[in-house]
Amino acid sequence: MTQPTDKAVTDSAEGLMPLAHDRLNAQPFPLSVSVAIFWLSFMCFVAVVGPSLMPYAFTAIDLKARLSLPFTSLHWLGTDELGRDVFSRLVISIRISLLVSFVATIISATFGTLLGFLAAHYRGWVEQTVLILADFQASIPFLIFALAVLAFFGNTLTLFILLMGIYGWERYARIARGLAIAANSQGYAAAVRQLGASPIRIYLGHILPNTASTLIVSMTLVFPEIILLESGLSFLGLGVQPPMTSLGNMVGYGREYLTRAPWILLAPATTIVLTTLSVSILGDWLRDRLDPTLK
Amino acid sequence: MIRFIISRVVRAALTIFFVMTFSFIVLRLSGDPALIIMSPDAPPEAIIAFRKAWGLDDPIWLQYFHYFGAVLQGELGRSMRDGRSALVIVGERIPATLLLMVPALMLKVGIGIPAGVYAALHRNSRIDRLVMSFAVFGFTVPSFVLALVLVLVFSVGLGWLPTSGADSWRHAILPVITLGIGGAAVLARFTRSAMLEILGQPYIRTASAKGLKWSAVVRGHALPNAAIPTITVLGFMVGSLLAGAVVVESVFAWPGVGRLLVVCVSNRDLSVVQVILLLVASTMVCANFLVDLAYGLFDPRIRQAPRGAGQ
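Read top to bottom, the protein sequences are chains D and Z.
Sequence positions in the first sequence follow this note's numbering and run 6 to 300.
Sequence positions in the second sequence follow this note's numbering and run 291 to 601.
Hints were generated in silico from the structure; no laboratory data involved.
All of these numbers come straight from a predicted model, not from anything done at the bench.
All residues carry an ideal CB built from backbone N, CA and C; glycine is no exception.
Careful: at least some of the hints might be erroneous.
As the list claims (entries may be wrong) - Output of the computed footprint for chain Z on chain D, the stretches with three or more beta carbons under 8 Å from beta carbons of chain Z: (1) 42-55; (2) 227-239; (3) 272-282.
What the hints assert, rightly or not - What follows is a list of derived Cβ distance ranges for each label pair: (4) D:Leu87 with Z:Trp450: 30 to 38 Å; (5) Z:Asp457 with D:Trp130: 53 to 61 Å; (6) Z:Asp372 with D:Ile66: 47 to 55 Å; (7) D:Leu58 with Z:Trp450: 56 to 64 Å; (8) Z:Asp348 with D:Leu209: 21 to 29 Å; (9) Z:Leu352 with D:Leu119: 30 to 38 Å; (10) Z:Ser556 with D:Ile66: 21 to 29 Å; (11) Z:Val300 with D:Ile111: 32 to 40 Å; (12) Z:Asp589 with D:Leu58: 50 to 58 Å; (13) D:Phe76 with Z:Asp589: 53 to 61 Å; (14) D:Phe43 with Z:Phe427: 17 to 25 Å; (15) D:Thr134 with Z:Pro385: 37 to 45 Å.
Sequences are here, hints too, so could you generate the full structure?
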């Protein structure tokens with residue numbers, strides 16, 4: 006299955022970037038993008054300093070205050086079925102969900118780009134192998150693949166993050182390969198090669214910076230999908246395991262109390278939606294500015 | 291055209307081969323099947339006998355070979371929970387899943403494609419913006435959140451529809467809507483951008499410059515060309531018919547393949563998981579194969595392209 010982005014990327018690699026960069030500086034932020042950036046900064050702030058803001062430990066059980074209503078002075082967002090403070094749990098969940106998604110996005114981008122560059126450098130059977138593996142990965146719904154791996158190997162947080170880190174590698178690999186092949190035929194790569202630079206230096210020092218904008222845009226497109234995947238698996242009870250909690254986890258366990266205490270799941274559900282929405286808005290905007298051909 | 295078909299068949303076979311190898315490797319890596327199936331305190335002689343009976347003391351390449359033979363003959367093992375054939379267990383669940391997925395697919399296509407085409411033809415109009423906002427929401431709201439909101443509104447709040455189960459057709463309404471809305475949004479977004487790209491092409495300008503009516507330009511030139519990328523997404527949706535409802539089936543306690551998968555993953559019932567994996571991959575590969583054939587029909591350039599150019 007050939008993705009339509011493949012060809013578009015190769016076409017756009019020449020000469021577009023400096024121009025796009027000027028446009029980025031010239032235009033002011035639209036309101037939706039400003040709001041998205043604000044929300045994401047707020048989420049990162051919560052994830053980093055959150056634990057010191059928490060009124061309770063996120064595992065602290067208070068059986069006398071089970072399912073208490075939100076918007077009270079004791080519990081801003083109410084408590085869950087064991088009397089644990091929903092606000093405190095939300096803070097930890099944001100931290101864990103963002104951690105998993107960030108690390109996974111970085112793993113997948115690094116791994117995919119590396120394979121794409123290797124394919125572009127060696128061509129021949131290396132390239133064919135990478136392309137066949139990319140086809141294989143794209144041909145199985147990732148959720149099924151992830152569930153199979155979790156069934157076979159059991160679940161730990163490290164394994165889970167590594168598994169999420171596989172998601173989307175094939176897209177980076179295809180894009181990086183296309184960009185590197187285009188870059189190799191351009192003057193600057195040939196010039197540094199003639200000067201005797203090692204392949205590692207050419208790829209990391211010259212080709213990577215020149216292709217970074219497209220790869221970063223791809224990262225913003227994959228990132229919300231990883232958040233959704235993580236929360237989906239955790240919702241099913243097969244992702245982040247208790248006593249640790251994540252946004253999907255909170256929704257999954259809160260589902261049992263949907264009628265009696267909807268606030269348990271509404272807070273994390275809203276957080277998931279606002280966060281993925283913000284990253285998508287930001288990603289779309291970046292894509293339009295940096296690389297209009299990448300869709 | 292024959293060469294084109296052969297290259298696609300080889301590619302499809304290769305993908306299936308990869309999936310089978312993958313499931314063989316993880317099955318073997320995940321521990322000694324003898325110890326998993328039999329209780330840990332079984333007598334050593336029984337374990338040795340079990341290993342011999344299942345060929346587990348053969349060299350690994352021979353096991354791999356036997357495994358392929360068994361899979362090709364449809365012997366996919368037995369459930370570790372109740373000893374029934376894994377294939378039968380999965381097979382029983384397929385009708386229920388299709389009962390959700392087929393109407394949902396019709397909903398996706400029926401809403402998504404017309405909305406996307408309309409939005410592209412009326413770019414920057416109010417309806418375009420409406421369609422796009424709907425598409426972004428459909429894209430970013432996880433299916434379990436959408437499902438729970440629908441339950442909260444229509445079952446808990448208004449009391450019109452049951453919250454979960456599979457006793458009557460009314461139980462299918464909310465899951466089908468949940469699946470349909472998300473998919474329609476993806477399809478609308480994709481169709482719109484495919485249409486916009488085609489509408490910007492020089493041959494569209496040529497066609498309208500030579501005096502064709504706009505409706506004829508759209509029908510004769512824009513739609514067939516925009517169909518090609520849209521078919522890819524559609525192929526993926528058809529390919530995931532069997533397993534695309536994992537989350538939604540779980541929310542609504544719908545007794546389909548997806549729910550079976552989740553239960554078997556929690557129980558670590560490996561043979562059933564493996565059957566589902568193989569089944570889903572085969573459906574996906576078949577769908578991709580059909581998509582490639584459809585490409586060839588729609589776009590003569592693809593079937594005539596020299597080898598390797600399609601990548």
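Satisfaction of the hinted span 53 to 61 Å by the C-beta atoms belonging to Asp457 (chain Z) and Trp130 (chain D): 56 Å, holds
Is 50 to 58 Å a correct range for the gap between the Cβ atoms of Asp589 (chain Z) and Leu58 (chain D)? Holds, since Asp589 (chain Z) and Leu58 (chain D) (Cβ atoms, about 57 Å apart) stay within the stated range.
Pairwise beta carbon distance, Asp372 (chain Z) to Ile66 (chain D), judged against the given window 47 to 55 Å: 37 Å, violated
Taking 17 to 25 Å as the stated bounds, is the beta-carbon spacing between Phe43 (chain D) and Phe427 (chain Z) within them? The hint (17 to 25 Å, Cβ to Cβ) holds, given that Phe43 (chain D) and Phe427 (chain Z) are roughly 19 Å apart.
Is it true that the C-beta distance of Thr134 (chain D) to Pro385 (chain Z) lies inside 37 to 45 Å, as the hint says? 39 Å Cβ-Cβ, so the 37 to 45 Å window holds.
Starting from the hint 32 to 40 Å, judge whether the C-beta atoms of Val300 (chain Z) and Ile111 (chain D) obey it. The hinted range 32 to 40 Å holds for Val300 (chain Z) and Ile111 (chain D), with Cβ atoms some 35 Å apart.
Quick check: does the Cβ-Cβ distance between Asp348 (chain Z) and Leu209 (chain D) fall within 21 to 29 Å? Once the Cβ atoms are compared, 46 Å apart, the range 21 to 29 Å for Leu209 (chain D) and Asp348 (chain Z) is violated.
Can you tell me if the region 227-239 of chain D counts as covered by chain Z, using C-beta to C-beta distances under 8 Å and a minimum of three residues? holds (count 4)
Outcome of range test on Cβ distance (Leu58 (chain D), Trp450 (chain Z); 56 to 64 Å): Given range 56 to 64 Å: violated, Cβ gap about 42 Å.
Supplied distance hint 30 to 38 Å, evaluated on CB atoms of Leu87 (chain D) and Trp450 (chain Z): Since Leu87 (chain D) and Trp450 (chain Z) have Cβ atoms about 33 Å apart, the given range 30 to 38 Å holds.
Verify the CB-CB distance for Phe76 (chain D) and Asp589 (chain Z) against the hinted window 53 to 61 Å. 58 Å, holds
With a C-beta cutoff of 8 Å, work out whether three or more residues of the region 272-282 of chain D approach chain Z closely enough for the coverage to hold. holds (count 5)
When held up to the earlier numbered hints, the structure conflicts with 1, 6, 7 and 8 and fits the remainder.
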